[in-house]
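Q: Next come the chains, spelled out residue by residue.
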Amino acid sequence: RNKQSWIIAMAGSPSPLTTHVLNTAMGVPGSNMSLSLYRQDPSTNAWNLITTGTTNDDGRCPGLITKQSFTSGVYKMHFETAQYWASMGETCFYPHVEIVFTINDPGQKYHIPLLLSRFSYSTYRGS
Amino acid sequence: MMAAAESGPLTTHVLNTADGVPAARMALSLHRLDSRLMIWTMLSVGTTNKDGRCPGLISRETFTPGMYKLRFETGSYWDSLGQTSFYPYVEVVFTISEPEQRFHLPLLMSRFSYSTYRGS
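Protein chains in written order, with full-length UniProt numbering: chain A, 1 to 127; chain B, 1 to 120.
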């Protein structure tokens with residue numbers, strides 16, 4: 001049984017929330033970047049950690065959240081951008097990038113990419 | 001007569017890329033991280049003018065090296081236009097190690113996307 005089918009079998013259905021980090025300065029995926037996903041507690045406004053992970057060779061991080069856990073609310077993706085550039089011996093204007101977004105319809109799929117250089121970044125809501 | 005140049009070492013410009021207009025009347029605030037206490041201190045708060053700019057964010061004297069955050073109230077902005085937005089707010093956190101330079105941090109945004117870069 002190969003590793004990929006084992007991962008899919010263990011993970012169940014794919015995460016309804018995905019990300020993809022692209023290093024636009026070098027034209028490569030942003031691999032080996034640490035990131036974490038939080039959900040905001042609506043009564044206290046505190047951020048609760050859901051997952052931490054590291055992007056793979058393709059700049060992706062599967063398994064961010066399960067369908068069951070993906071409820072309506074305010075979420076935050078945190079990307080360790082300066083740490084990523086430091087691992088390549090470079091500085092980054094942004095010590096980290098946080099993207100805060102509102103999920104009103106958790107039945108949909110949400111793709112939150114981060115296109116990043118040392119001095120710029122962008123993101124959009126994909127599916 | 002030349003219009004007053006946008007002075008100050010740190011400036012911003014918010015563009016509504018969905019409608020192709022400056023994002024006027026957006027509330028925003030500038031914060032600096034107190035690295036001893038590890039808390040954010042608000043330095044200034046303002047609203048973008050009809051050109052999407054907000055002069056006077058910080059003076060040269062106050063602009064010391066450190067970690068800063070510009071927070072844009074994007075959710076309230078779109079709400080005032082009768083629309084929803086994917087992002088309740090946008091915070092751009094950046095490191096200033098050479099405060100003698102000029103830093104222009106625009107925000108280009110729509111309801112479902114945004115981008116920023118370090119300009120001068």
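The reader is advised that the hints may include incorrect statements.
In silico EDC-like cross-links for lysine to aspartate or glutamate, where the CA-CA straight-line distance does not exceed 16 Å [as the list claims (entries may be wrong)]: (1) B:Lys69 x A:Glu98; (2) B:Lys69 x B:Glu91; (3) A:Lys76 x B:Glu61.
Bear in mind the hints are in silico, worked out from the structure with no lab data behind them.
Q: Run every hint past the structure and note whether it holds.
A: We went through each hint and held it up to the structure:
Among the hinted pairs, Lys69 of chain B with Glu98 of chain A is consistent with the structure: their alpha-carbon atoms are about 11 Å apart, no more than 16 Å. A distance of roughly 6 Å separates the Cα atoms of Lys69 of chain B and Glu91 of chain B; the hinted pair therefore holds under the 16 Å criterion. As the CA atoms of Lys76 of chain A and Glu61 of chain B are separated by approximately 34 Å, the hinted pair breaks the 16 Å bound.
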